[in-house]
Amino acid sequence: MTDFQKRVYEAVRCIPRGFAVSYGEVARFIGCRSARAVGAALRRNPTPETVPCYRVVAADGALTGFFGSSAAASLARKRRLLKNDGVAFDASGRVRKEFLWQWTR
DNA sequence: CACCTGACATAAT
DNA sequence: AATTATGCCAGGT
Numbered sequence: 001m002t003d004f005q006k007r008v009y010e011a012v013r014c015i016p017r018g019f020a021v022s023y024g025e026v027a028r029f030i031g032c033r034s035a036r037a038v039g040a041a042l043r044r045n046p047t048p049e050t051v052p053c054y055r056v057v058a059a060d061g062a063l064t065g066f067f068g069s070s071a072a073a074s075l076a077r078k079r080r081l082l083k084n085d086g087v088a089f090d091a092s093g094r095v096r097k098e099f100l101w102q103w104t105r
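FYI, the numbering for the first sequence is 1 to 105, going by my numbering.
It should be emphasised that the hints constitute simulated quantities derived from the structure, not laboratory data. Just so you know, these numbers come straight off a predicted model, no measurement behind them. Check each hint, because a few of them may be wrong.
[Claimed, not checked] Label pairs and their in silico Cβ distance ranges: (1) Ala71 with Thr104: 21 to 27 angstroms; (2) Ser74 with Trp101: 18 to 24 angstroms; (3) Glu98 with Gly68: 28 to 34 angstroms; (4) Lys97 with Met1: 29 to 35 angstroms; (5) Ser70 with Thr104: 29 to 35 angstroms; (6) Ala91 with Ala71: 18 to 24 angstroms; (7) Met1 with Arg94: 28 to 34 angstroms; (8) Ala40 with Ala91: 26 to 32 angstroms; (9) Gly31 with Asn84: 30 to 36 angstroms; (10) Arg33 with Glu10: 17 to 23 angstroms; (11) Glu98 with Lys6: 14 to 20 angstroms; (12) Arg33 with Asp60: 16 to 22 angstroms.
[To be verified] List time: in silico EDC-like cross-link candidates among lysine to aspartate or glutamate, alpha-carbon distance up to 20 angstroms: (13) Lys97 with Asp85; (14) Lys97 with Asp60; (15) Lys83 with Glu49; (16) Lys83 with Asp60; (17) Lys83 with Glu98; (18) Lys6 with Glu49.
Beta carbons are placed, not taken as given, at the ideal position from N, Cα and C, and that holds for glycine.
Please model the entire structure based on the sequences and the hints provided.
As structure tokens, then:
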């Protein structure tokens, strides 16, 4: 477990139920300019019970991957978890903007 | 050390 | 709205 990964997981644990944040937002919060690096850290989530990685989505609300895969079935699972949290989606399957959250600056 | 690959983001076509 | 080009950077090889 690298130091970078710890920072990512710690940040993601703070995302409140019923909201989603973008990879870029997580990156910015932990002081990194690469959203891709965040995705790489979440690619293999070691503790799904304590790190709700399904609450992390693309900047436009799209679901780009889950459980190490971007397959439709994985994304559907991710969508179900978010829905279960009360998050709503638009017609094109993206998280509605009013459910996108971010750390207060 | 030098590539290479992405669960990304943004600007320019 | 959709596609392309660039920048990004941690991890693995």
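Hints, one by one, checked against the model:
A hinted range of 21 to 27 angstroms for the beta carbons of Ala71 and Thr104 is inconsistent with their spacing of about 35 angstroms. Between Ser74 and Trp101 the beta carbons are some 22 angstroms apart, a value that agrees with the proposed interval 18 to 24 angstroms. Between Glu98 and Gly68, the C-beta spacing of about 29 angstroms keeps the proposed range 28 to 34 angstroms intact. Between Lys97 and Met1 the beta carbon distance is about 34 angstroms. The supplied range of 29 to 35 angstroms therefore holds.
Separated by about 31 angstroms at the C-beta atoms, Ser70 and Thr104 satisfy the suggested range of 29 to 35 angstroms. The supplied range of 18 to 24 angstroms is met by Ala91 and Ala71, whose beta-carbon atoms lie about 22 angstroms from each other. About 32 angstroms separates the C-beta atoms of Met1 and Arg94, a value consistent with the hinted range of 28 to 34 angstroms. Distance hint check for Ala40 and Ala91: the Cβ-Cβ separation is about 30 angstroms, which falls inside the suggested range of 26 to 32 angstroms.
Range check, Gly31 to Asn84: Cβ separation about 31 angstroms, and the 30 to 36 angstroms hint holds. Evaluation of the 17 to 23 angstroms hint for Arg33 and Glu10 yields a pass: the beta carbon distance comes to about 18 angstroms. Checked against the hint of 14 to 20 angstroms, the C-beta distance between Glu98 and Lys6 comes to roughly 31 angstroms, which is inconsistent with it. In this structure, Arg33 and Asp60 meet the distance hint of 16 to 22 angstroms, their C-beta atoms being roughly 19 angstroms apart.
The straight-line distance between the Cα atoms of Lys97 and Asp85 is roughly 15 angstroms, inside the 20 angstroms bound, and the hint therefore holds. Between Lys97 and Asp60 the CA atoms are separated by roughly 8 angstroms; this keeps the pair inside 20 angstroms, and the hint holds. A distance of roughly 17 angstroms separates the Cα atoms of Lys83 and Glu49; the hinted pair therefore holds under the 20 angstroms criterion. About 17 angstroms separates the Cα atoms of Lys83 and Asp60, which keeps this hinted pair within 20 angstroms; it holds.
For the suggested pair Lys83 and Glu98, the alpha carbons sit about 14 angstroms apart, so the restraint of at most 20 angstroms is met. At most 20 angstroms may separate the alpha-carbon atoms for a hinted pair to count; Lys6 and Glu49 meet this at roughly 15 angstroms.
The structure fails to meet hints 1 and 11 from the earlier list, while all remaining hints are met.
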